[in-house]
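There are 2 protein chains.
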Amino acid sequence: MNYLGIDLGGTNIKGGVVNEAGEIVREASRPTRVERGPEAIADEIGILIKELEQGETFAGVGLGCPGTVDDESGEVVCAFNLNLIHYDLRAALKARTGYEIRLGNDANVAALAEAVVGAGKGAHSAVILTLGTGLGCGVVIEGKMLTGYTGAASELGHMVIAEDGAPCTCGRKGCFEAYASATAPIRMTTEAMARYPESEMHAIAKENGVVDGRTAFMAKERGDAAGTEVVKTYIKYLASGVTNVVNIFFPEVIAFSGGVANQGEALLAPLREEVRRQEFGGAYVKKHAKLVNCTLGYKAGVIGAALLATQ
Amino acid sequence: MNYLGIDLGGTNIKGGVVNEAGEIVREASRPTRVERGPEAIADEIGILIKELEQGETFAGVGLGCPGTVDDESGEVVCAFNLNLIHYDLRAALKARTGYEIRLGNDANVAALAEAVVGAGKGAHSAVILTLGTGLGCGVVIEGKMLTGYTGAASELGHMVIAEDGAPCTCGRKGCFEAYASATAPIRMTTEAMARYPESEMHAIAKENGVVDGRTAFMAKERGDAAGTEVVKTYIKYLASGVTNVVNIFFPEVIAFSGGVANQGEALLAPLREEVRRQEFGGAYVKKHAKLVNCTLGYKAGVIGAALLATQ
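First to last, the protein sequences are chains A and B.
Each residue of the first sequence is one higher than the last, beginning at 679 in this note's numbering.
Each residue of the second sequence is one higher than the last, beginning at 679 in this note's numbering.
No wet-lab data here; the hints were simulated from the structure.
The beta carbon of each residue, even a glycine, is placed where N, CA and C say it ideally should be.
It is possible that some hints are incorrect.
[As the list claims (entries may be wrong)] Straight-line distance between alpha carbons at most 20 angstroms, and here's what the computed SDA-like set of lysine to any residue pairs gives: (1) A/Lys-851 to A/Glu-869; (2) A/Lys-965 to B/Lys-965; (3) B/Lys-914 to A/Gly-849; (4) B/Lys-965 to A/Cys-756.
[What the hints assert, rightly or not] Between beta-carbon pairs, the in silico distance windows are: (5) A/Arg-955 to B/Glu-750: 19 to 27 angstroms; (6) A/Lys-964 to B/Gly-901: 32 to 40 angstroms; (7) B/His-764 to A/Ala-903: 16 to 24 angstroms; (8) B/Asn-690 to A/Gly-975: 51 to 59 angstroms; (9) B/Ile-763 to A/Gly-975: 24 to 32 angstroms.
Here chain A stands alone, though its shape is the one from the complex (with noise of 0.2 angstroms):
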């Protein structure tokens, strides 16, 4: 019997349905259309549900929400971006459909999906982190997600790693997101050309009309001081923050996806070399986490809301 799972994100609601193989076999996508509120949101998913059920009973429907949501009592605890505060989205779903959803926060179901399915595939733990606006996480071990006694996600980008540094959108100072999201390089980006007036990153961000995450590991390339710079701070808040994970969790796989995860080996080469020289008992543990970019890409929230249905 196959699954469906949704993805409900501040601009669609994506749908798929998702075979035993963890296979989306089909997909529909419907506008969030914020504006409209709650119920409105409850009956576009609604609609989305019986547009993909196409005569199927699906055996069981899995949702990814931002924020926080409580999959005990069926609430969106909190979704700012979606206007949903401690919305009870089970029971309108299930007055809509009459499916019992299982609720997930959007980046801990991805992770699922890369745990299970992607990245993580056969390993024994993974922990997914998400570079992009924010630092997106999840944490699977032996297949099953980590969500706490509070049922909210696992928000390792809410870490702090320097005491009393840049400020945080949740309000502490010096969180891993605030030094390891893709918002963190173009602050360091914009900082370094302010001090830089020479730098090449000036010329870049011409040429592409911004600046961005990319910015920096572009002037890098071309050799300019101030963009190696810039990437060798990135990576270091990054390999600070990921080498507390490590040491946290021991996982078998980390993978990282969002902007500045395309960044492939430029990223991922010396940010190994830095978790390896500082892990705990590097020297004598024989196996390390493997740090990997994910694989599934778009398709990881919709399979791993589908995967949360399964659990």
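Here the structure of chain A is known, so what remains is to put chain B in place on it, guided by the hints.
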């Protein structure tokens, strides 16, 4: 049937016969005398096992050991204070006693005991932090110890919270251990005493013949400004690491043991307040981690080792 738990320390080897309710029914201890080498230590453990058997056959034997152990291979990977490096303790004890022991890190198995029959009894999940010379940690989720892919312990103490901060024994800078172990308030107190020759802390240190983790707390009670500042700084860093633990694991219980934990509510009350203020989604999430003291004392090591054998 009963299980045998062994707590292998640098000074003594403690053994306890533990019943199915997690209670010690009889116990014994022998000196470790590390200088005699690994084989003699194994002999000593073998003698202790025989001594505690008293005609009984144990359902299982578990052993907690400092440092890094590999329960898959049966090897003590590195326990520097016992001079055990890549030592196959399981084989050594199998040859001497016939039992196939289960191996755990000592802080981990103590945490298992606290989580299952102590401070975290009945809880979904518990993180135990031992604020001793170092910062020992254990994470137990739904009754299962978190040991990771490498089999090594969950080294939360070696999570950097202050990039480029105080040096840690592990080689990194700014680890949680360097700011929150019992060693940290001693360092902070000594530094503050040098800065404030008028502080009450000088008199207190003289009265007790030593500067220890209690000095600043006692000075604070006497209204001393410098002592109050040290306590505040210590709690600031402790709260930072504990909030990280909340954001990472969202456990039901975080329990403290070790010297500094003896401060009880003088430590826990301000810590709770600070963690609640900083935790992710704290204003929306209805469930919060309970911050309490451990309850089993020295018995946790032996009971936890026995519990490991039941898993």
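To see whether the hints hold, each was checked on the structure:
{"no.": "1", "hint": "A/Lys-851 to A/Glu-869", "result": "holds (18 angstroms)"}
{"no.": "2", "hint": "A/Lys-965 to B/Lys-965", "result": "violated (36 angstroms)"}
{"no.": "3", "hint": "B/Lys-914 to A/Gly-849", "result": "holds (15 angstroms)"}
{"no.": "4", "hint": "B/Lys-965 to A/Cys-756", "result": "holds (14 angstroms)"}
{"no.": "5", "hint": "A/Arg-955 to B/Glu-750: 19 to 27 angstroms", "result": "holds (25 angstroms)"}
{"no.": "6", "hint": "A/Lys-964 to B/Gly-901: 32 to 40 angstroms", "result": "violated (54 angstroms)"}
{"no.": "7", "hint": "B/His-764 to A/Ala-903: 16 to 24 angstroms", "result": "violated (44 angstroms)"}
{"no.": "8", "hint": "B/Asn-690 to A/Gly-975: 51 to 59 angstroms", "result": "holds (56 angstroms)"}
{"no.": "9", "hint": "B/Ile-763 to A/Gly-975: 24 to 32 angstroms", "result": "violated (44 angstroms)"}
In summary, the numbered hints that this structure violates are 2, 6, 7, 9.
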